[in-house]
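**Q** Could you slot chain B onto chain A? The hints should help.
Protein chains in written order, with this note's numbering: chain A, 198 to 834; chain B, 198 to 834.
Please note that the accuracy of each hint is not assured.
Same chains, same names: a pair is fine if it fits in one copy or spans any two.
[As the list claims (entries may be wrong)] DSSO-like cross-link-like pairs, simulated, lysine-lysine; straight-line CA separation at most 27 angstroms:
1) LYS320 - LYS288
2) LYS437 - LYS240
3) LYS770 - LYS476
4) LYS485 - LYS666
5) LYS513 - LYS824
6) LYS356 - LYS645
7) LYS666 - LYS645
8) LYS683 - LYS796
9) LYS206 - LYS642
10) LYS796 - LYS513
Don't read these hints as lab results, they were simulated from the structure.
Number of protein chains: 2
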Amino acid sequence: MHEGLKRFKINDQFFGHYQKLVQEVVIPYQEKALKNEIAGVDKSYAVENFRLAAQMVSTGRCDGEFGGLLFQDSDLAKWLEAAAYSLAITKDEALETRCDEIIDLIAGAQHTDGYLNTFFTVKMPGQRWTNLYEAHELYCAGHMMEAAVAYHEATGKDKLLKVMCRMADHIAIRFLDEATPGYPGHPEIELALFRLYLATGNERYLALSKHFVDVRGVDSDYFISEIENRSWRQWGGNGKDKEYEQNHMPVRDMDEAVGHAVRAVYLYSAMADLANATKETALSDACKRLFQNITERRMYITGAIGSAYEGEVFTKDYHLPNDSAYAETCAAIGLIFFARRMLEMEADSTYADTMERALYNCVPAGMQLDGKRFFYVNPLEVVPGISGEVPPLRHVLPERTGWFGCACCPPNVARLMLSLGAYAFGESENTVFSHLFIGGEYETKAGKLLIQTGYPYEGTIRYGFAPEKESMAITLAIRIPAWSEKTEIFLNGAAIQPEIKRGYAYIKHTFQKTDVVVLKLDMEPRRVFAKNDVAADNGRVAFMRGPLVYCAEGVDNQGQVLNLLAPADGDLKELLCEEERLRGCVIIKVRGYCVENPKTLYTTQRPERRPCQITLIPYYAWGNRGKTPMRVWLPEI
Amino acid sequence: MHEGLKRFKINDQFFGHYQKLVQEVVIPYQEKALKNEIAGVDKSYAVENFRLAAQMVSTGRCDGEFGGLLFQDSDLAKWLEAAAYSLAITKDEALETRCDEIIDLIAGAQHTDGYLNTFFTVKMPGQRWTNLYEAHELYCAGHMMEAAVAYHEATGKDKLLKVMCRMADHIAIRFLDEATPGYPGHPEIELALFRLYLATGNERYLALSKHFVDVRGVDSDYFISEIENRSWRQWGGNGKDKEYEQNHMPVRDMDEAVGHAVRAVYLYSAMADLANATKETALSDACKRLFQNITERRMYITGAIGSAYEGEVFTKDYHLPNDSAYAETCAAIGLIFFARRMLEMEADSTYADTMERALYNCVPAGMQLDGKRFFYVNPLEVVPGISGEVPPLRHVLPERTGWFGCACCPPNVARLMLSLGAYAFGESENTVFSHLFIGGEYETKAGKLLIQTGYPYEGTIRYGFAPEKESMAITLAIRIPAWSEKTEIFLNGAAIQPEIKRGYAYIKHTFQKTDVVVLKLDMEPRRVFAKNDVAADNGRVAFMRGPLVYCAEGVDNQGQVLNLLAPADGDLKELLCEEERLRGCVIIKVRGYCVENPKTLYTTQRPERRPCQITLIPYYAWGNRGKTPMRVWLPEI
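Okay, chain A solo, but in the shape it has when bound (with noise of 0.2 angstroms):
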């Protein structure tokens, strides 16, 4: 497990009410999902797949149909994970008792060789290995190894481990020892077996992951080759997009982030881990290329990417729609995946601030208040009536729905918001470096720090500190984030001036149980503009306060968005919400103009403007009462 992930303890308003959420709501709802236990919503299969696999692995028959998308194994991998994290955090004796069950089950799904997949046990048997182009069988086989290398080091039970080290080395003898050509068409299992080398040591499984990196796009053919050489076909693609998935040029040659969104930072974040153990260069710089493509050009303000709906892909620089957005939450969060695995590479702020502005802004997004519904798409404009209705508006729901049939976003949200230790903290050498501002307790080599804030609501970040012996002498690097303008730093009450270098402020102190660090954060509301290249942007203002976006919705505003005009000066008041619904968070006011509605589809008559109190509400809570308007950038004057 990540250092980060058990040594600390969040406790704070925000995201410890989400893994409080996530471990009481989301893990129940969706095992009963994943069990097909939840009446009118799409059935997942997921369990029962695994049992007629196990039945087709002892008795050469089964008792039914695999049901759901050829990936299904995947979502009770992802979900597996989240239980791990979630019993890391909390023991739990009867969620551990049914996670042991389904581990049996799955390992009774384990072929005497190690291969482990239940659509191809059960719906097609004699077809491993022939379709890596469409059939996610790598992709399954890394999520259980990340479920794997989880639940073992929440629990210390190893049989998930051994099956999957048993399936990591069947697919190694495959391509590495007999050098059988191919790669995923998504990647997943590099950053799995790189998790599952740095869970037990083994070498060969950084080399299997490093092998996937290495060939991918070299030989740009190999899917074209692959169908042809197939008599049977998933979804009918012919290979020829290669930038799809990524395999149309070798991995070190790439600069800008192409294709299926999700697949890219998935690659890019393998990528990341290979560079940072390999120390690369041709890699990590590759690795730099693309983030920097991605957040400079191709990243929406609330950290969401992939702009359009068809092949869920990055589409060309500055292309960034609002009302048509695809803005996938499983993209956001591989983002983050990747964003954290470029901190560790150079501790620059940048990546961090990425991170930040995804995780608290797209993916939040993503799961309803209650824990009970997710959106896939994270449109910044919604005009109910028309988005959800026509083309090319389709896609883009007005409210979140139950369970997908294709269930990718729920169970990944689940386990990035109870793995976040992973990504609040960094350790090297001496130095503690604090990348995002989460209440709790952290473990480091030296003793426990104490965070307490109320952020992102409140700027005041106050690290306390409990020594092993008598004092820490350590490096507390604290993440200044570009958006605070005026940012203070105290050491017991003394304003200090610590070295800041890529962002981080440096202090580096012997610190006593008695010392208190406090950062104090800029959380004046301020406008944000873009660039001018991002048409759907233009003569628009965006609102955030600290890390979060805002934006407006019909329901705080008269029913309706579109005929609001923000004001270009004006004081942004800060409010607490009295909304029951949107749990006390601050809210932001503004006088700002409603413009009244012309009578006539187009007319000459300026409409009249009158004064208005604009209410802005975060992103990441909007669509939580009912079908509503909402918007971003809003049009300025």
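**A** Chain B only, in chain A's frame:
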């Protein structure tokens, strides 16, 4: 032929030029394309298909394969119709001879039972009438009927007219006498049969036209059952999206314009024809509701219709995206067809205003200024590098192309431009309606109207009179466009104030040869605003002058348009364009602001604005000077 067509000789700078262009460039170019004589563009095969079909009919075999799309016959028909109009305007023996040869070919492709369609004759013999849903069989027949009527009226020759009467008879036997169920997937034959009825006086054609309109959508499952009973499919639709073909309900119940936009307005045009002929109020009321729904909720400022590429459809009220618009040239032409028929229903300037809007903006934008290249799709915003490249903007080309495999638009532009006489005037009893302001000579029963104008660039229209006898005792009903805020009318230099009814000024007078009526329209450039409901236009302004919509193109604005902010006030200067390529049109200059491009994707630093001159050109002329960004709706400050 429509009354106005033969009796109006256009002679002005604007449409006179277009007519000349169509006659000298477009018709010869298209003839070559239809004969597969142009290298480097999609082959048409339209003429070749008729040659093959004629072989089939005479010998039962042919020496080639059907080429192009299954509705290829209609391209030739539309060209022939345009050629007929050209011959009506200008005698051209060589062209007429070539037309006659083509007509001989067409006549040879007719079966003895009257059936005529090259796709079914050459490629699918035995499958006639099995695929009304997709196969455009009645659609092609309709276009050829229109060509036949036009050619007869232009040349007096009736060979093609007789051919098409026999085809109409063949169809009437099937659908009227034998009462075979069914109606066309793509409306067109309804309005064509109506023209055939007007040209021949044969009421059976009126009855057949009315039949197709009457049965449409009554059995709204017709296409579904047709698909079930048929062994072949062309594209594979399932007939369940009934709005697409406007068979979701009986036509008299319709009140929203839905589905494929071209199909819709062709159907509505036929409905209006029939309502005008039969005076049936259920039908005329439906037409009025549909026209209102389009023009008050689903039409771009350019007169374009059809907001979505997928299905080329109307979507929902007020969904009018600028960048992803479909806005097909043919659909705007169909809206002109519909509007002209509504004008015959009631002399209300709303209809003529709409006709004018499409005719001066979307339709001419469909053709390059040199007549050689065409747009299918007429977006209101284009960013080269993104438009035409990324989903969902792949259909939005920043430059016109030469000839399409599906070449519906180019010949449609040609036939419209050469038949404007049918749109400019109307007559009822003793009243002559001047709907559009086009210079030339118009022959009424009592004598000629002589119209002189520099419209659309100048707002003065002079009406002179050349009575047959001493004088012309007529009522001259001149449209007062809704956009003209201050309009003056003079009779022999003295301001008059004639009665104005529903947007027409009725000047009842016994006109002498020396009389002159002068209409002075308000040509002040004006700012236009859209209803708030049009999300894409919030906070934005468009510019118009007279009937022309203006746009900003990068080529006139230091290469950029995304950086332009239009001023809420400030003079709009009109200048004669010095650009050779824009043919001396009037451009507009306004002092607005250029926004400095922020250095980062998102910034809290308000970008600097510097005053700058914004140059606007008429929308129809965009895209004639290389790839450059273009925007109609500018953010306003």
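**Q** Each of the hints needs a verdict: does it hold here or not?
**A** Comparing the hints with the structure gives:
no. : hint            : result
1   : LYS320 - LYS288 : neither (37 angstroms within a copy, 72 angstroms between copies)
2   : LYS437 - LYS240 : between (33 angstroms within a copy, 26 angstroms between copies)
3   : LYS770 - LYS476 : neither (48 angstroms within a copy, 63 angstroms between copies)
4   : LYS485 - LYS666 : neither (40 angstroms within a copy, 87 angstroms between copies)
5   : LYS513 - LYS824 : between (31 angstroms within a copy, 17 angstroms between copies)
6   : LYS356 - LYS645 : neither (32 angstroms within a copy, 98 angstroms between copies)
7   : LYS666 - LYS645 : within (11 angstroms within a copy, 109 angstroms between copies)
8   : LYS683 - LYS796 : between (47 angstroms within a copy, 21 angstroms between copies)
9   : LYS206 - LYS642 : within (15 angstroms within a copy, 94 angstroms between copies)
10  : LYS796 - LYS513 : between (38 angstroms within a copy, 18 angstroms between copies)
In summary, the numbered hints that this structure violates are 1, 3, 4, 6.
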